[in-house]
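Using the sequences and the accompanying hints, generate a full structural model.
Residue numbers (my numbering), protein chains in the order written: chain A, 474 to 805; chain B, 474 to 805; chain C, 474 to 805; chain D, 474 to 805.
Keep in mind the hints are simulated off the structure, nothing from the lab.
Among these hints, one or two may not hold up.
The list cannot tell twin chains apart, which means a pair is met if one copy fits it or any two copies do.
[Said to hold, decoys possible] Calculated cross-link-like contacts (lysine-lysine; reagent style DSS-like; alpha-carbon spacing at most 30 Å): (1) 475 x 510; (2) 523 x 476; (3) 476 x 510; (4) 477 x 523; (5) 523 x 475; (6) 586 x 475; (7) 523 x 510; (8) 566 x 523; (9) 477 x 566; (10) 566 x 476; (11) 566 x 586; (12) 475 x 566.
Number of protein chains: 4
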Amino acid sequence: MKKKLAILGAGRIGQVHARAIASNPIAELVAIFDPVKDAAEAVTSQFGGKISDIDSIVADTSIDAVILCTPTDMHADQIELFARNGKAIFCEKPIDLDAARVRSCLDVVAATKAKLMVGFNRRYDPHFMALKAAITDGQIGRPEMGVITSRDPAAPPAEYILRSGGIFRDMMIHDIDMAVFLMGAMPISVMATGAVLTDPDISTLNDFDSATAILKWSDGRQVSISNSRRAVYGYDQRIEIHGSDGMVQAHNERPVNIETATSQGYQRAPLHDFFMTRYVRAYANEIDAFISSISDDTTDIPTGQDGLNALLIADAALESAHSGQAVQINQD
Amino acid sequence: MKKKLAILGAGRIGQVHARAIASNPIAELVAIFDPVKDAAEAVTSQFGGKISDIDSIVADTSIDAVILCTPTDMHADQIELFARNGKAIFCEKPIDLDAARVRSCLDVVAATKAKLMVGFNRRYDPHFMALKAAITDGQIGRPEMGVITSRDPAAPPAEYILRSGGIFRDMMIHDIDMAVFLMGAMPISVMATGAVLTDPDISTLNDFDSATAILKWSDGRQVSISNSRRAVYGYDQRIEIHGSDGMVQAHNERPVNIETATSQGYQRAPLHDFFMTRYVRAYANEIDAFISSISDDTTDIPTGQDGLNALLIADAALESAHSGQAVQINQD
Amino acid sequence: MKKKLAILGAGRIGQVHARAIASNPIAELVAIFDPVKDAAEAVTSQFGGKISDIDSIVADTSIDAVILCTPTDMHADQIELFARNGKAIFCEKPIDLDAARVRSCLDVVAATKAKLMVGFNRRYDPHFMALKAAITDGQIGRPEMGVITSRDPAAPPAEYILRSGGIFRDMMIHDIDMAVFLMGAMPISVMATGAVLTDPDISTLNDFDSATAILKWSDGRQVSISNSRRAVYGYDQRIEIHGSDGMVQAHNERPVNIETATSQGYQRAPLHDFFMTRYVRAYANEIDAFISSISDDTTDIPTGQDGLNALLIADAALESAHSGQAVQINQD
Amino acid sequence: MKKKLAILGAGRIGQVHARAIASNPIAELVAIFDPVKDAAEAVTSQFGGKISDIDSIVADTSIDAVILCTPTDMHADQIELFARNGKAIFCEKPIDLDAARVRSCLDVVAATKAKLMVGFNRRYDPHFMALKAAITDGQIGRPEMGVITSRDPAAPPAEYILRSGGIFRDMMIHDIDMAVFLMGAMPISVMATGAVLTDPDISTLNDFDSATAILKWSDGRQVSISNSRRAVYGYDQRIEIHGSDGMVQAHNERPVNIETATSQGYQRAPLHDFFMTRYVRAYANEIDAFISSISDDTTDIPTGQDGLNALLIADAALESAHSGQAVQINQD
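Here it is in structure tokens:
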């Protein structure tokens with residue numbers, strides 16, 4: 474029996490997940506809800522399923538799981554709703570921008586024993602999965618230090634930044650989660666700095682566009698992260714982990730592997746220009762993992778706790794950027 | 474209205490094409506035929522369509538096009554059959570191992586004005602497409618010389634080699650087609666050499682496992698091709714074209730772009746180990762192109778003539794390998 | 474007339490400089506002093522010059538310049554001595570581990586108008602020179618962020634660490650100088666962390682073997698530095714600067730550019746295993762620059778002030794590593 | 474006792490060798506001859522030695538060896554002269570453009586038991602040495618196939634081509650020697666083609682500017698070579714050898730290893746623009762090897778026979794380019 478899934482939110486990322494479900498041999502998209510009916514119809518016409526509404530999805534006991542692609546401020550309520558109604562839940566990050574609200578939500582998840590996966594898609598990027606596997610396989614010994622680079626082609630719209638929680642909570646949080654995931658433990662403190670270097674308008678939004686941070690673990694291990702909301706050469710996503718016996722690097726993914734050489738020298742094209750193209754395989758993999766996990770408790774997925782952990786570190790980094798002091802991370 | 478397609482042959486490559494059709498928003502798989510009924514059912518259960526037979530497919534006027542994944546010795550007859558019955562035809566290469574038979578088949582195609590596409594999938598590989606685009610865009614000036622490397626991880630089974638026409642006609646023919654495609658004209662002569670270097674058993678099949686050739690154009694342009702049926706480091710597929718203003722290289726595609734460094738040095742994983750994984754995007758792209766071409770005569774696809782051209786060059790290369798002389802290519 | 478130079482200290486680095494002088498067409502090695510006479514003789518026999526002593530070198534008015542390769546704690550006194558006696562001075566870094574002593578020494582240099590160059594050899598590495606030139610040429614716009622990686626193959630002997638001032642003052646100081654040099658201004662603050670990850674014995678020396686730092690400029694610009702006293706894959710030296718219009722990276726130098734591919738994948742040899750081989754061209758270039766600067770005030774060389782600046786930042790980083798706070802840098 | 478060397482010919486390459494001798498700790502440049510006295514003086518003033526003439530060099534029994542950088546048509550006579558007078562001889566390639574003359578010259582060398590090294594400098598390039606070592610160490614098993622690329626930045630002057638013997642004998646001969654050296658045996662036949670693609674004037678010189686060849690060994694092994702007298706992106710020198718257990722590639726040497734990335738993509742500078750800069754280390758290494766070999770018969774150096782072998786293959790390639798037939802190589 475194929476797993477039956479519903480999607481809430483038929484925007485850009487909802488469509489990506491609908492395609493992943495349609496391509497998964499053990500899953501079926503049965504319902505889609507979006508207040509914009511045309512958006513919902515666009516999904517059903519291409520990937521199947523029926524247009525529905527939240528109450529009907531809650532009530533439909535044949536539905537195994539829901540994919541939440543709704544606005545961030547609805548996530549926690551919807552997680553609680555579906556948790557109480559026996560659905561497995563995939564929720565785009567973040568659960569909420571307020572750590573306290575995340576905690577109370579996770580209490581409901583725990584009490585209901587609901588399955589909850591948070592959409593840290595990078596854990597499912599093939600390059601980073603191979604990097605993680607290299608560490609797990611012991612190829613570099615014990616992971617001790619890291620250098621993570623994450624630079625966006627361009628800043629998101631002002632309205633996004635206003636609701637996103639800012640560069641530490643919408644952007645660096647991905648790198649933070651990867652650092653925790655790859656080092657295999659929570660750090661104890663963070664030092665960070667932020668500035669507006671690319672666009673003065675970002676100052677008016679009370680955000681930074683450039684940030685650097687150092688995470689530190691209790692045993693002295695260290696990871697530095699460098700972020701910018703501008704990279705004219707494309708979407709720059711690199712991770713490098715150093716261990717006792719060596720290091721492993723994930724270089725950037727390139728859409729095609731050609732190189733031209735002229736009197737000006739050797740040229741390769743810019744990188745991907747968008748996270749949707751860069752992480753296309755990661756998005757498909759994460760939904761496949763979620764589907765596999767619905768009836769299998771051994772599949773390792775990013776949990777609500779992982780979402781909370783990353784948020785706590787991002788909050789601490791933001792505090793450090795303002796205070797100029799290393800900030801201890803609240804070990805939840 | 475979606476284009477309706479039928480597939481003949483539900484083997485490995487038939488399944489690949491079925492998936493491509495299922496993923497194409499303007500196409501629909503409606504019929505599948507394979508003498509092995511289980512194979513046909515495996516396709517319909519995953520990608521839709523009904524199990525059918527050749528006569529029914531011929532008779533069904535709602536079917537726009539057929540995909541021929543049948544054994545090579547059936548290709549020419551089936552092309553003629555479907556051409557006479559108004560179907561667009563995608564045929565896996567080669568049309569036939571005998572150039573005369575190909576010619577008579579193409580006469581039927583011409584007389585019936587049927588659409589025929591030959592499955593030179595490499596023309597649809599994203600890397601090679603980008604390389605071709607770089608040439609077409611004038612980035613390297615006029616293409617003048619080339620170096621093509623194509624090395625298989627391991628030799629195919631003896632039974633395949635017995636029916637394939639040998640290394641020049643089953644393997645180098647792909648490189649030959651790319652050379653013609655990229656240089657934009659037919660060469661006038663070929664010099665080639667072949668040997669058995671990897672497995673003495675191949676001698677008993679009257680084939681080579683290692684071959685090198687030089688194609689030459691009427692204006693003196695030159696492309697060399699190096700082939701081996703063994704590459705322990707994976708499926709090695711590279712093309713390099715030199716022009717008056719520069720050169721363009723397609724490096725190998727790597728499944729993931731990670732690198733480890735230990736006391737032994739820097740390591741990257743072997744290449745793809747199989748053409749089905751290496752050319753997964755190429756296979757999808759070529760079926761998309763075929764579907765687009767069904768009702769559009771402007772889409773540029775590899776034609777029956779392209780198939781014949783490559784075969785004539787491969788035949789000449791084989792003759793040269795035996796005679797030790799440059800062989801003029803029959804300009805058909 | 475060739476410039477006449479004397480070298481004080483005939484150890485490893487003194488020999489390197491002697492070779493550079495011997496190869497320089499406008500210079501001549503005339504005197505060498507080392508308390509170990511065999512060491513001095515080894516230099517004169519290979520590169521010319523006579524064995525001498527400090528008083529004689531001071532007194533010999535035909536000598537234009539001295540190269541100080543003596544122990545660190547002699548540097549400041551010797552700089553003052555030769556400054557007062559009209560010699561141009563090249564001094565291996567650091568001038569002194571104590572910033573106050575450096576300042577008083579530089580006062581003498583200023584008062585005597587002596588020429589003083591500090592041996593920040595990395596400024597003369599061909600790769601980093603090309604990187605600097607790319608910035609100066611405007612290829613990346615205004616430099617705004619940086620990521621510097623510097624990892625030694627293995628820790629130095631305990632006795633070296635005891636006298637070196639520790640990882641921030643003997644190792645990171647090179648990266649700090651490059652950051653200042655490439656960003657073109659002094660930072661205003663530094664956040665740093667340090668730990669012992671590779672060898673517990675280093676704890677007993679009151680030093681770290683692993684350190685990460687973030688330098689920040691008054692306009693918000695940021696550079697992160699990652700250091701380790703262990704890199705089993707060789708001497709890892711990389712710099713990456715991001716600007717408003719792009720970025721420039723100096724990859725590692727490799728002694729040879731070959732790659733093997735076997736069933737285990739693609740392999741390249743480890744990096745250089747020693748700074749003396751990695752920076753062989755840098756050492757030669759810096760001495761050439763010093764020689765050129767002797768009678769030319771327009772040649773841009775690292776000055777005593779550059780040495781002091783880097784020391785002040787390194788001191789601040791060490792303080793930050795202990796306090797966990799961002800430390801303001803004393804703008805001297 | 475240092476070896477005493479004389480140089481005949483103080484042109485560009487004579488100066489390179491003079492520098493190598495001056496840098497070699499066991500050698501000494503004692504005499505230099507050039508009909509252009511200024512050229513000779515330029516060498517003596519920088520690298521030592523005295524201006525001399527051929528008769529004096531012949532007569533000076535303290536001189537151990539001579540370096541012949543004279544015009545090609547003097548080589549054979551001068552080799553015979555110095556062989557008969559007990560000097561070790563380093564001769565720039567070729568010994569002569571006529572194989573018969575080379576044979577008679579080598580007869581004299583054999584009869585006099587003179588030491589003769591031919592200047593195939595590429596055997597001493599660090600990258601190619603490492604590639605050779607990888608083969609010798611068994612890293613790729615038995616070498617079986619090869620692809621060699623050699624493309625000059627621009628054509629030499631017409632007067633050079635007129636006297637050089639043409640592209641096969643002045644340019645491809647280097648690749649031929651490397652093929653023989655790396656495969657470890659003489660090939661039995663060659664197929665080649667040539668054309669004028671870059672400059673019609675070269676036709677008037679009865680030469681080609683573009684050539685491709687396939688060398689074949691008696692056991693079926695194959696190496697292809699691609700040559701052009703034009704590469705707008707710099708001096709392109711690559712070798713790739715495939716063996717039973719893997720392959721080894723020498724990528725191009727780059728003066729610096731930096732890369733910039735802008736909105737136009739990733740850029741690296743063009744390659745070296747001249748063989749004198751590309752092979753600077755090779756030239757020094759070959760002279761060091763020659764010096765070491767003077768009194769040591771175990772040092773493996775390219776011999777007169779190696780020079781003759783490469784010439785015979787180049788002659789056969791030229792014949793093949795004209796006849797369009799595979800040409801058997803005269804096994805001397």
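Now for the hints, and whether the structure bears them out:
1. When the C-alpha separation of residue 475 and residue 510 is checked against a cutoff of 30 Å, the pair qualifies both within a copy, at 26 Å, and between copies, at 24 Å.
2. For the identical chains of this complex, residue 523 and residue 476 are neighbours both inside a copy (15 Å) and across copies (24 Å), given an alpha-carbon limit of 30 Å.
3. For a Cα distance limit of 30 Å, the shortest separation of residue 476 from residue 510 qualifies both inside one copy, at 25 Å, and across copies, at 28 Å.
4. In this assembly of identical chains, the alpha carbons of residue 477 and residue 523 lie at most 30 Å apart whether taken from the same copy (12 Å) or from different copies (24 Å).
5. Taking the closest pair of Cα atoms, residue 523 and residue 475 come within 30 Å of each other both inside a single copy (16 Å) and across two copies (21 Å).
6. Taking the closest pair of Cα atoms, residue 586 and residue 475 come within 30 Å of each other only inside a single copy of the chain (22 Å); across copies the shortest separation is 45 Å, beyond that limit.
7. Proximity of residue 523 and residue 510 under a CA criterion of 30 Å is satisfied intra-copy only: 11 Å inside one chain copy versus 33 Å between copies.
8. For the identical chains of this complex, residue 566 and residue 523 are intra-copy neighbours only, at 25 Å inside a copy versus 42 Å across copies, given an alpha-carbon limit of 30 Å.
9. Taking CA atoms no more than 30 Å apart as the test, residue 477 paired with residue 566 passes inside one copy only; the shortest distance there is 22 Å, against 41 Å between copies.
10. For the homomeric pair residue 566 and residue 476, the shortest alpha-carbon distance inside one copy (23 Å) is at most 30 Å, but the shortest distance between copies (39 Å) is not.
11. Taking the shortest alpha-carbon separations for residue 566 and residue 586, only the intra-copy value of 20 Å comes in at or below 30 Å, while the best inter-copy value is 55 Å.
12. With identical chains, the CA atoms of residue 475 and residue 566 are at most 30 Å apart within one copy only, with a shortest distance of 26 Å there and 37 Å across copies.
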